[in-house]
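As given, the protein sequences belong to chains A and B, one line each in that order. Quick note on our numbering: the first sequence kicks off at 179 and runs consecutively. Quick note on our numbering: the second sequence kicks off at 179 and runs consecutively.
If you're looking for bench data, these hints aren't it; they were derived computationally from the structure. Because the structure is a prediction, the values reported are computed rather than measured. There could be a bad hint or two in this list.
One copy or any two copies: either way a pair holds, since identical chains are not told apart in the list.
To be verified - In silico DSS-like cross-links for lysine-lysine, where the CA-CA straight-line distance does not exceed 27 Å:
id, residue 1, residue 2
1, Lys396, Lys417
2, Lys396, Lys492
3, Lys269, Lys417
4, Lys466, Lys396
5, Lys396, Lys428
6, Lys312, Lys466
7, Lys466, Lys417
8, Lys269, Lys492
9, Lys219, Lys235
10, Lys312, Lys219
11, Lys312, Lys396
12, Lys312, Lys235
13, Lys428, Lys466
14, Lys417, Lys312
15, Lys269, Lys312
16, Lys235, Lys269
17, Lys492, Lys417
Number of protein chains: 2
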Amino acid sequence: MSSAKLNAPKPILAVLDGMRIDPPPIWLMRQAGRFLPEYRKLRSEVGTFLELAYSPKLAAEVTLQPIRRFGFDAAILFSDILVVPDAMNQKVSFVEGEGPRLDPLRDPEGFSRLRSEIDLSRLAPIFETIGRVKRELPGRCAMLGFCGAPWTVASYMIAGRGTPDQAPARLFAYRHPSAFQELIDRLVEASIAYLSAQFAAGAEAVQIFESFAGAIPKAFLEDWSLTPIRRIVDALRGKLPNVRIIVFAKGSGLSPDRVAAATGANAVGIDWTVDPTEAFFNDRSSSKPLTPLQGNLDPLALVAGGEALGRGVKRVLSGFGSVPHIFNLGHGILPETPIENVERLVAMVRSGDELDNKG
Amino acid sequence: MSSAKLNAPKPILAVLDGMRIDPPPIWLMRQAGRFLPEYRKLRSEVGTFLELAYSPKLAAEVTLQPIRRFGFDAAILFSDILVVPDAMNQKVSFVEGEGPRLDPLRDPEGFSRLRSEIDLSRLAPIFETIGRVKRELPGRCAMLGFCGAPWTVASYMIAGRGTPDQAPARLFAYRHPSAFQELIDRLVEASIAYLSAQFAAGAEAVQIFESFAGAIPKAFLEDWSLTPIRRIVDALRGKLPNVRIIVFAKGSGLSPDRVAAATGANAVGIDWTVDPTEAFFNDRSSSKPLTPLQGNLDPLALVAGGEALGRGVKRVLSGFGSVPHIFNLGHGILPETPIENVERLVAMVRSGDELDNKG
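Whole structure, please, built from the sequences with the hints as guidance.
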């Protein structure tokens, strides 16, 4: 990074450093994906999802598509959290319209099929993608990498697929607590190596997705989720003191300040169910700086458009008050989202004008 | 209710009235169901789930099965929350192993197929079941009725099935806010009529299941969930001043005291993700009486058995401190639950002995 860039950081990086910017910078989770016709066209010309994710030229193109169309303030690597089990030698595939399928780890014996360390050479195309995207990004646009948090990735590895309430993973953890801890430990180490390589390739910040925090009994939240994430964050900071990390712990039930304190994150993503007003007022009496927050429009308000979208955007913009804020959805953008609704969203966030006229 | 019973209320009713009892009374959500071999045998001899639910003799038998086997402190009517849409003329069926299927309300025009008021005559067999069970209950065992909360029932009526995050219902609410409110209003009225008839038939308390509170954006929690439940509770209290009502609002993210204050519930059920210590300590500084709570062992700890069960039960028993407490799971019992684990659970809760020896 040049010193000129350090002097004038990109808006999202400035927010991650604790600065409030008006209007807030914006990107959308899953912005490189199926709601874009140009993505669907390119996807139809490639065999499998993983072939696309592991093709630097095509993955870079897909990553850049939403930047060209909407001028978002961040590009997020086109990939999936399950490339980590793939690089640990667990068989992973993506069934169109159904989601991921893995050869499930039904019992501790299944571990023998896995590598104990992640094979970063298998993920080399991803790091090349990051470099390619970085070179083509507009000046204000930040390059984001990501990975899944250990519990969320483990829940797919154990169940072999997405599951309601992550029941198979919880049952595995109850039945085989030491093997479960071993899996979490392996994923901590794999995530450290994987994110370090993403930073080395040019990522300017990373998001750790704990998409399934909501299924963890609170008695286990520290052990299964917060401490593993903290170990990843601490290890990255040990290598790269100024790394910027966003933690999105959907359904954790904790205030963002507690998530930030427990994990060491620079910023906390909040899901659509959370009231941003309550989310930060909880701990606001303290004299500490406000935790930067990211979120949290309901993706279905963006699908619906109309008044629901206008009111939803207004609520998000006002709800975060004076907190350093990155505008985002409260979950990934849905494939059925009309393009024109995204255009209107970006215009509303950037101008604020429509809020008074039509909101 | 005789005056003798009023003088020596059943343990669960005493807790609902604010009394702390040690050891706490116990029942399990979905206790009349598939984890019991005697249920599976009876179920295999009846055509459909609704035929069973609408057969007073068989439904009473199924309701009583777990009482005979485990001596629980409450019998909960064997039925389903979707008998309400069934009695509003929406086609409902249950696909074995897949769950409920309804003719979905894709748009406001779909309302024309529905009755505006619930047809209580269609539910007459349910009221007869309550009377039959009541006559056979052991003295300390309370008769519980139930219904789904309007949002949870509406989400099934709109989607036609269970859905992750209740996306179709949220989208409907955004696109058609007044039609959505109309549906909620109809369900409020239907629930008042249905629960009133359950009390008239002999129910001593009812539980209102807001199983999908967790998918509601907080900005809409009042309008979609808390206020509709409050209207049901207020109307029932208007007719029957001493009715006892438990509200189970899974994933609401609110402290139980707030749920109780917002809905008027006597007691609040909490799900397995909540830490009971935090749940009630939140508002404990106030001088108000402690809200009775129900919950919240992870149903998967009961499936797992062994140390996970011992520790889980210990955590629940100690976690509720001095709060009036009804022991329950944090969600319905799972079909794969071993009978012997339930026997051990009941023994642990009732004696406390094993807690010190094996917990």
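| query | Hint by hint, which ones does this structure get wrong, listed from lowest number up? | reply | When the structure is compared with the hints, numbers 1, 3, 6, 8, 11, 15, 17 turn out to be violated.
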